[in-house]
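**Student:** Numbering-wise, the numbering used here comes out as the position in the sequence shown, counting from 1, plus 101.
The hints are simulated quantities; they were obtained by calculation from the structure and are not laboratory data.
Any given hint could turn out to be false.
[To be verified] Derived DEER-like restraints, expressed as beta-carbon distance ranges:
#: 1; residue 1: ALA141; residue 2: GLN120; range: 18 to 28 Å
#: 2; residue 1: GLU158; residue 2: MET102; range: 55 to 65 Å
#: 3; residue 1: GLN115; residue 2: VAL140; range: 46 to 56 Å
#: 4; residue 1: LYS107; residue 2: ALA127; range: 37 to 47 Å
#: 5; residue 1: ARG123; residue 2: ARG152; range: 47 to 57 Å
#: 6; residue 1: ALA111; residue 2: THR134; range: 31 to 41 Å
#: 7; residue 1: THR103; residue 2: GLN124; range: 26 to 36 Å
Keep in mind that this is a model prediction, so the values were computed, not measured.
We put the beta carbon where it would ideally sit given N, CA and C, even for glycine.
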Amino acid sequence: MTPLPKRKYAKTRQRLRRQHLRQRRATVTTCPTCASPSVAHQVCYTCGRYRGRQVLESED
102 MTPLPKRKYA
112 KTRQRLRRQH
122 LRQRRATVTT
132 CPTCASPSVA
142 HQVCYTCGRY
152 RGRQVLESED
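Working from the sequences, and respecting the hints, build out all of it.
**Tutor:** If you want it as structure tokens, here you go:
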């Protein structure tokens, strides 16, 4: 036999248990170098910099 729960879980209890599993929106900040919007803690794809250092080759 497959395992079954001993008691019924109410819908509210299930939702309370799962409420921290939701996806959060990515924090969008402005790049200090080129002032374009970029995701926080990631390389800016416009200028290719991260924390003041050149990481990616820029298209310019």
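**Student:** Would you mind marking each hint as holding or not holding in the structure?
**Tutor:** Hints, verified against the model:
At roughly 23 Å, the beta carbons of ALA141 and GLN120 sit within the given window of 18 to 28 Å. The given range of 55 to 65 Å is respected by GLU158 and MET102, whose C-beta atoms sit roughly 60 Å from each other. Judged by the Cβ atoms, the range 46 to 56 Å given for GLN115 and VAL140 is violated: they are separated by roughly 32 Å. At about 40 Å, the CB distance of LYS107 to ALA127 agrees with the hint of 37 to 47 Å.
At about 29 Å, the CB distance of ARG123 to ARG152 disagrees with the hint of 47 to 57 Å. Checked against the hint of 31 to 41 Å, the C-beta distance between ALA111 and THR134 comes to roughly 52 Å, which is inconsistent with it. For THR103 and GLN124, the Cβ-Cβ distance of about 30 Å falls inside the hinted range of 26 to 36 Å, so the restraint holds.
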